Amino acid sequence: MAQALSVEDLLDAYRTMKTIREFEDRVHVEFAKGGIPGFVHLYAGEEASATGVGVQLRDDDRLASNHRGHGHCIAKGVEVKGMMAEIYGKKTGTCHGKGGSMHIADLDTGMMGANGIVGGGPPLVCGAALAAKRRGKGGLAVAFCGDGASNQGTVFEAMNLATVWKLPVVFVFENNGYAEATDSRFSVSCKDIAQRAVGFGMPGRIVDGHDFFAVHEAFAEAAARARAGEGPSLIEHKLDRFFGHFEGDNQKYRPPGEVQRLREEACCIKRFSAKVTSEHGITPQQLAAIDDEVAKLIDEAVAFAESSPDPDPADLLTDVYIKY
Amino acid sequence: MARKITYQQAINEALDQEMARDENVVVMGEDVVGGSGSDGEMDAWGGVLGVTKGLYKKYGDRILDTPISESGFVGAAVGAAASGLRPVCELMFIDFMGVCFDQIFNQAAKFRYMFGGKAETPVVIRTMYGAGFRAAAQHSQCLYPLFTHIPGLKVVLPSSPYDVKGLLIQAIRDNDPVIFCEHKVLYTLEGEVPEESYTIPFGEANVVREGDDVTIVAFGRMVQQANKAAAALAKEGVSCEVIDPRTTSPLDEDTILESVENTGRLVVVDEAHPRCGMAADISALVAKKAFSSLKAPVEMVTAPHTPVPFNGKLEDLYVPSVERIAAAVRATAGYAA
Amino acid sequence: MSTARIVPITMPKWGLSMQEGKVVEWLVPEGTELKLGDHVLDIETEKIANTFDALDAGLLRRIVAQPDEVLPIGALLGVLAPAEVTDAEVDEFITEFQKNYVPPEIAEEGAADGWKFVEAGGYRLRYSKMGDGARNIVLIHGFGGDADRWAFTQEPLAASASVYALDLPGHGQSSKQLNDGSVKHLAATVIAFMDAVGIDKAELIGHSLGGAVALQAAVDHPGRVSALALIASAGLGAEINAAYINGFIAADSRKEMKPLLEQLVADPELVTRTLINDMLQFKRIDGVGAALTAIARGFQDGSQQTVNLRAHLDGLDVPVKVIWGSKDAIIPASHAAGLPAKVKVTVLDGFGHLVQLEAAAEVNKLLL
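Residue numbers (our numbering), protein chains in the order written: chain Y, 1 to 324; chain V, 1 to 337; chain F, 1 to 368.
For the record, the hints were derived by calculation from the structure and aren't laboratory data. This one's a predicted model, so the numbers in the text were calculated from it and none came from an experiment. Don't take every hint at face value.
What the hints assert, rightly or not - Derived BS3-like pairs (lysine-lysine); straight-line CA-CA distance at most 27 Å:
1. 4(V) / 344(F)
2. 4(V) / 342(F)
3. 13(F) / 57(V)
4. 288(V) / 255(F)
As the list claims (entries may be wrong) - Have a look at the derived ranges for each label pair, beta carbon to beta carbon:
5. 58(Y) / 138(V): 41 to 49 Å
6. 99(F) / 274(V): 43 to 51 Å
7. 277(F) / 323(Y): 18 to 26 Å
8. 307(Y) / 106(V): 39 to 47 Å
9. 175(V) / 279(Y): 48 to 56 Å
10. 273(F) / 79(Y): 48 to 56 Å
11. 40(V) / 177(F): 41 to 49 Å
12. 307(Y) / 250(F): 17 to 25 Å
13. 327(V) / 115(F): 40 to 48 Å
14. 151(F) / 60(Y): 55 to 63 Å
15. 322(Y) / 196(F): 40 to 48 Å
16. 40(V) / 74(F): 43 to 51 Å
17. 24(F) / 40(V): 17 to 25 Å
18. 323(Y) / 115(F): 30 to 38 Å
Unchecked claim - So, partial list: chain V residues that the calculated Cβ filter (under 8 Å) puts toward chain Y:
19. 66
20. 67
21. 72
22. 78
23. 79
24. 80
25. 83
26. 112
27. 113
28. 116
29. 117
30. 151
31. 152
32. 175
33. 176
Built from N, CA and C at the ideal position, the CB exists for glycine as well.
Working from the sequences, and respecting the hints, build out all of it.
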């Protein structure tokens, strides 16, 4: 199903994954230094999931994310400097400093928002898919949820509705093993989230979420089904997060050494690099050049965010309504 | 403007005219068609009380039955609104907000602000509220103060067939999320309604009756009750001005304040509970901004701080009656400092 | 007595809005022993047809309501009673029931109200006609008005004439989509209206913009107009209260509308809540804003009037009356000065622009 990926496609995918990783590693550092207010939930480790999906989305496709949303935003094409400034709460941010990390949205790029409410996005995605279906141009909508959200009633309702209305939706569950500090082996009542697809009358697949190519192939199948008007699908990405639930998480619920082991053994970027350099004729130098570009971009983004002004006091009262 | 139709027919006509005018308008809700997927007839119900009856035959798949899963379809309406449609979502009873509140107050209400002014969410959530049907505690509440409290939502309480049509068309054309509250007792109320499409702006109170002695501010069904009380009081020589704010958010403060500046006496009539409700809200407004005009303490006529009872006699006691309103007016009119 | 065992079957209330139902047919004959839930009869309401299932078990002794009868909710449809109850007791039960039964109040139908509609000049025009004298009079309201502006005029004139009052296109309940907002076009529409209702020749009485329309009709269609009465008329000079015109087009609230309407009369007390509400209701209708804008552009440019028909008065060979209120704040009464001698001019002291409402008796006397 998946279209053959060109070298250019693969380099783009690498750039996206690398951008997400550098962005998150840098936010981790800057947060620790005290430059970033509020809550941040980092996506590092899960890059192949957002990227394998994101590279296949059209501009008119819509994506609803969750509180761990930076990776989804970058993969959907939201501009990185604006994102960084938003996370800093600055006026130049994607949402003018009024949303923050958990509410980055850019409807022009089809990004319907990160979401501070676990399970908040899937019902919204059904509406976006309904709009796409009415437009009749093969658009689709994707909801990214975690294993935590997989237990929310809103998510069940959305999956049921998507089948009942035969909507072009793909529900992607990023099962990173922990909902906050609770293991999914405790909180999810079945072995795999993908099993739940049966109950909602849609196909469900389990995919190695560290493997960009597996993610890409599975999403291509689900997207084709959606675009052809055949209804929703569920994909469960088994993957890992490299940071805590939020920055400041002591992570004592994780066994000692788990994160270090994952960074070495389960890094989707390392796996991707090895594969494309051995099988697709891409050179380490090409990847290194992208690494440099990305490092520069993230440096610029942080500098931009740090030097940007706060919102004006008057901004407190604006944009509550379009007209009131 | 001689044609008389019911409140319910006026809602149906507004939906019909807006669906004809704009193909982005879609209607969704539980049994708004009735019969989807069954072996019997489609449009079997047209809404639990028949408000959307007939639209399916005209507009086909633009009117969608939903599973009974309010979070799912209310969220879908919100998401569709943020994606270019103008959904009118029917939530059968306002009491059911309890299972989909997140989609309304965390999602729809906040998109524009959280997203730095870049979202438009033109969703209308039509919902039935109020006591009087012996429908007991979970099908009879007046929860509009909850929505009024939330920035980002507009809240509409039409009190007549004329108003319900114009306000619903305005709600559908409005680019912000609107909670449109229809009192179930008003559905059979008849009144003059123009056949043409028209809009009534939000935040424009209706001075239902002019008077000089006491201002009565009443909401939704209570406008009828206040009018009856005012008519009775007129015979006793007490002249009441009855103000229907029409929308609780935005609120037409000026019309209320101007009236109280003239009368110096205020009775607020609200079928919702007394705490943190519209009666308390209007009283606070007047106490702050028209304090020097007040000649008597503000009277609040509300439901008690109890759930809605099932027993008919108890429910009749629960709902503010014409007699209670009249008594409150007499109390304020007769007050001497 | 065994009436305790006699049970009525009554018209059910199905749903909130049901007020009455029609008996379609009985599905069981008299003498049937009914069990709970048995199908008994079919009933049709405005919205639904449904089968009424037995709510009580018992012997169906009497069918009271016949097919096609429309009955309010709670009305007696039939009677259940055991066999030992006598027919006389059943009859007595029915008599008692009917005597005591009070149907719930049913909201009345909209009463007929004398307005008519006619297709003319590409529009659906609303009008009313009073009187049936040989003399035909057509009343033409002004900018933003409607036939109700003649509420105090039409009936008195109808004693001796057939008096028509119409809503111009874009106004009242006539079509709101205008083909053309010019005075010439509105004049042609009035002539088309006369064609449509079968008036060959009429006296035209116009108020404000309606005066200009009447005068234009007389100029363009000389054979059709037998006399003119121009009240506070447009088209006789340049000055006009453009702030009123622009404000009226823009106003969408009571607060904006009230001070505007107060300019129409010398005594602001005349501006009632009903008048303000009527104006707002009119303004809110789809298409009205565009229609008013087009019409306003047709006779003024935002500061003064652009249609001046004063020069045509000399050439008209029909009687012309001009009536004004001295305190007119929209179009100044000074426009009544300097008209040709044959024009009968009256300026009524102390009244405003809506002089036919404010000084109805005086104006009617002048028009008769």
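Violating hint indices (sorted, rising): Structure breaks hints 1, 2, 8, 12 and 16.
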